[in-house]
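Novice: Okay, here's what each chain looks like letter by letter:
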Amino acid sequence: MKSYEAQTPKLACKTLIVNGKKEITIEPMDNFPVIKDLIVDLDSVYRKMNKIIPRVTPPEEVIQGKAETRLKPEDQKELWSFAQCIICGLCYSACPVVETNKDFLGPAVLAMVYRFSADPRDTLGKKRLEIVDDPIIGIWNCRVAGSCSFVCPRNVDPSLAIQRLKEMCIK
Amino acid sequence: MMWFSKLNIERLLALLHKITGWTILGYLIVHVIFVNRLAHGELTEPEIFKYFLVLIGSVVVFHAMNGIRIILIETGHLIPKHHMEEPWIYYKPHRIYIWIMIIVTILSFFIGLYMVIK
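Residue numbers (the numbering used here), protein chains in the order written: chain A, 113 to 283; chain B, 994 to 1111.
Careful, some of the hints might be misleading.
[As the list claims (entries may be wrong)] Covered, in the sense of this in silico footprint (three residues per stretch, anywhere, with C-beta under 8 Å from a C-beta of chain B), are these stretches of chain A: (1) 234-248; (2) 253-267; (3) 271-279.
Calculated from the structure, these hints are not laboratory results.
Ideal placement from N, C-alpha and C gives every residue a C-beta, glycine not left out.
Looking at chain A on its own, in the form it has when it is part of the complex:
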């Protein structure tokens, strides 16, 4: 569920009711089918997540234990920020593109794509980029509204991840 504090959408569990000065509206998140009362169905997000192979896939030698890939501290620090997503769905609720295009992979999933594609230990980056380069479900539907980053309770910055993916696709 989401709450509106000063007309800004937030997660209800992240909204502090301090002294009751501000008016707080609690309602189910937008862009999701409502199951009951304030409960929404997040299945669409999980289905989209499955499309992008949401796991690090190291080279065969590493799986067999013959080689080792290392993550530099600076890469780890950068990727950690994008890995903080709790899949709460608030970015989907705020995204104006998801509102009109239900097939759009959406901010959280695309942030996940960037998180795995930018990981130097991963080997499926190219395959994931081919998936998100799609004109209907992919990154090019993003209108750079930035609302996903604005509302994200974990400061994942999905919009930045999407712009980085666009940059990677162009290159």
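For chain A, the structure is supplied; the task is to place chain B on it using the hints.
Specialist: Only chain B this time, still in chain A's reference frame:
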């Protein structure tokens, strides 16, 4: 209605980009028909049309500058190199570009208006 909720300015810019894009397309279609009718002597150009052109000029300037902003973002020129403490939309060069864009759009309107009145 999601477009109108009180969020960040980039959301409004995205909405305006869409509106101005359709406006320019509509203008181009009307322009071709209008010029054709003018050439055949079936219409005369009204005086108020000049002021309308000033407005269209500003719409084109906004649409072009916002388009350049999006291209710069998508090619990585207007986004931070590292993840920031706050959303990237607050990245200083990006903010400066938005303010320049707003100022240039307003200026273009007044310059156009001055040229028409003069």
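Novice: The structure should be examined with respect to each hint, and the outcome stated for every one.
Specialist: Results of checking the hints against the structure:
{"no.": "1", "hint": "234-248", "in the structure": "violated (count 0)"}
{"no.": "2", "hint": "253-267", "in the structure": "holds (count 10)"}
{"no.": "3", "hint": "271-279", "in the structure": "holds (count 6)"}
Violated hint: 1 only; the structure is consistent with all others.
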